[in-house]
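Visitor: One letter stands for each residue in the lines below.
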Amino acid sequence: MAVSCHGMFDLDSCNVQPDSCALPKGAAFAFIKAVQTVNQRLLGLSEKNKTLLFEVVLLGKDCEEHIKLNIFDSAKHYGLEIDKFYFCSSDNLIGTLQANHINLFLSPDKDDVYSVLKAGVPAALLYQQAEQQAINRLKVLFSGDLIGLSADSMVCLKDRGFTDVHIQNFKAAKECLREFVVRIGEMKRMFGHEGSPLHTSLMTVWGSRDVCASALKTLRGWGLDVDEAFCLAGATCGPILALLQPHIVWDNGLHNLKGVAPLLSS
Amino acid sequence: MTLYPGQVMKGQNPMPLTPPPNSNGDSNDSWDENKGFCESVGPTKKPQTEPVRRARKVEGGIFFPKPENAVTIAVSSRVLFRTEKEQKVFEEKGVEEYLNYQALEAVNSQLRELYPESEELFDIVLVTYNHAHVGVRLINTINHHNLFIERFCMTGGSSPIGYLKAWHTNLYLSADAEKVQEALAEGIAAATMFMPEKQVEVSETQLRVAFDGDAVLFSDESERIFKAHGLDKFFEHERENEHTLLEHGPLKGFLEALGKLQKKFYAKGHRLNCPIRTYLVTARSAASSGIRALKTLRAWGLETDEALFLAGAPKGPMLEKIRPHIYFDDQMFHIEGAAERGTIAAHVPYGIAQMYSHRKSTNSAK
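Residue numbers (the numbering used here), protein chains in the order written: chain S, 1 to 266; chain Z, 1 to 366.
The shape of chain S in the complex, shown without the other chains (with noise of 0.2 Å):
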C-alpha cells in the first residue's frame, strides 16, 4: 500500500531568483526527510515491507512555470525522493487528488486541509516546525476530541453549538482518519518499541480524561498504539506542540471551526 502525501516548500519566501537558489526548506522538510527515514528502515527490515511504504507526492497549487523549475531542482538539490509531481490550480485541487487516489494530503495551510477533508479526502496538517529536527523519527499527532466520540454521542455536540453539518464533516473526516491510522499501525507493528522510527501521540484538547480514554480505545481497536497521551482539559495546547513538534496533525478540522479555534489555538 502507498500512503502519498503531498507537501510543499516555502514558496513564499524565495524571491524570483531563477536557478541560483535551491529553495529555502519549507514546513514539509523534515516531514519529507522523517519519511524517507521510516522508508528505509521498512526496507531495511523486509524486501516485502515495498506495499508498505510511503510514497511521497508533491503537489503545487497555481505555480508559475519557473517556480515549476525551481521545485523540481529543489527537490534534486536536497536529494527528496519524491516520486511524483503534480500541479494544478486551486479550483482543481480536491479533483487532482481525488483522480489519483491520494490517500493523504498535507499541507500547512488550514483552510486547505479543511476543504479537503469535507470532500473526503483524508487531509492532515504539517506541523510549523521550529527547527529543522528530529528527521530520524517520523511523529504524528491525533487530535483525540473526536475520536473519542463514538458515531451515537457525537450527537451531544450539538447542545455545543456545532451544526448538523459540522457533525457529518466530523464523521466524515473520522472514517479518513480511521484507514490512515490503520496503516500506520501496521507500519508501526513493524518495529517494535524500541527505537522506533513513527512516533504517535494523542492529544484531546477540551474534551475530559474519559473522552481520553475512549480516544486511546478507539485508535487500539484500529490497530495502534500510541507513544504519548495528552489530556489537556482546556489548557491551551501550544506549550505542548511547541515540546512534541509533530510532523503531521490530524484534527479534523476542528481547528477551523469558530468557538472552537480559540481553545485550539497555539
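Since the hints were made in silico from the structure, they are not lab data. Treat each hint with caution, since some may be false.
To be verified - Calculated pairs, DSS-like style, for lysine-lysine (alpha carbon to alpha carbon, straight line, at most 30 Å): (1) S:K110 / S:K76; (2) S:K110 / Z:K66; (3) S:K217 / Z:K165; (4) S:K84 / S:K33; (5) S:K110 / Z:K165; (6) Z:K227 / Z:K321; (7) Z:K295 / Z:K321; (8) S:K217 / Z:K66; (9) Z:K165 / Z:K264; (10) Z:K66 / Z:K268; (11) S:K68 / S:K118; (12) S:K174 / Z:K66; (13) Z:K321 / Z:K260.
In this text, all values refer to a predicted model and were calculated from it rather than measured experimentally.
Start from chain S and add chain Z according to the hints.
Guide: Same frame as chain S, but now just chain Z:
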C-alpha cells in the same frame, strides 16, 4: 456546597476506605493533597459527601483552570497509586491512593465559593513516563477512585521535564529521585515522595504543609558551613550574617504559591480558619540562628503560620503532633525519622546534604 453554573454533578463516589482505622476529620491534615494528589493517598479515606466533579462547562467545551493561573502540582503515577509490590500493572483491586486529596479539594471548593471567577485553584496533573498503552488502565483507575485529575501527560519513555515546564508546574512529586533531581536542575520545585507504612490521620478540611528551612526554603549555604566546619563555626557565621538574607531554596516558590492562596482567604476574613496552613520545622534554634531564617522570610514577603525551632531536637515527634499532609526536607535522616512516625515526607535532593550519606546521629544539632 453551592454549585456554580458550570459545575457538573457527578454521582456520589465515596472514596474507598482503606482498612486502617480512620479517625474522622481530625486535626490531622493530609497536606499531600496539594502535592500530588494523584499520588496514592494514605490508608484512610472518608467518603466524600460532595460528589461534585470539578468541571466547568463553557460554550463548546469543558474547561479547568489554566495552568499558569492555578497552583499546578504534577505527580507521577507511582506517587498516585501504590501498586502491588509484585506486579507493576495497575489493577483496580490492588490500587490504593497515596494521597488524601480531600483536603486539597476542600481548599478548592472554598476558594471557588469565595472567588467564583478566579482560576487560582489547585490543579493536579499526572505526568508520567509510562507508555500510553497503560493509559486506559490508568484512566480507569482514576475514574474508579473518582480522583479530581483531569489533566495528564504520558510521555511513553521520554523525559517529562519539558512538559513540567509547559504546564507551569509549581511542584513536582515523584517516586523517582532521578527525575526529581532533573526537575530541580531545571528550576522546578520537586521532591521524592516517601510514604510511611502506617500513616497518621490527617485532616480533610485543612491542608497542612511543613517545610524544613535550610536547603528547602533557603539555600544550603549555612548547611555547607556546618558540614565543613562544625557547629561553632555555623553559629559564628549566622551571628555575623544575621542581617544578610539567605538565598532562596528550591521550594521557596511553592511556599509563595501557597501564600498567595492563603492571602485570598485572609482577604475574605478567613484568617483564623484558613484551610491552608504552613509550618517551618527547622533544626535551627529560636534564640540564635533562627532569627536569620525569620528575617529572610519576612523580607521575601512570605510567612509560615507556625515556625518551630527545634535547636537540634528530632523532628519526628513534632511532625507527629502537627500532622502535616506533607513534609519537605533535604536530609534523608529526617525524612526517615518522619516516616517512622507516620508522616508523609518528601525528600528534596538539593544541596550539600546529598553528598553525605545519611547516618543516624544524635548530634545533628544546628
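Visitor: Need the list of violated hint numbers for this structure, in ascending order.
Guide: none
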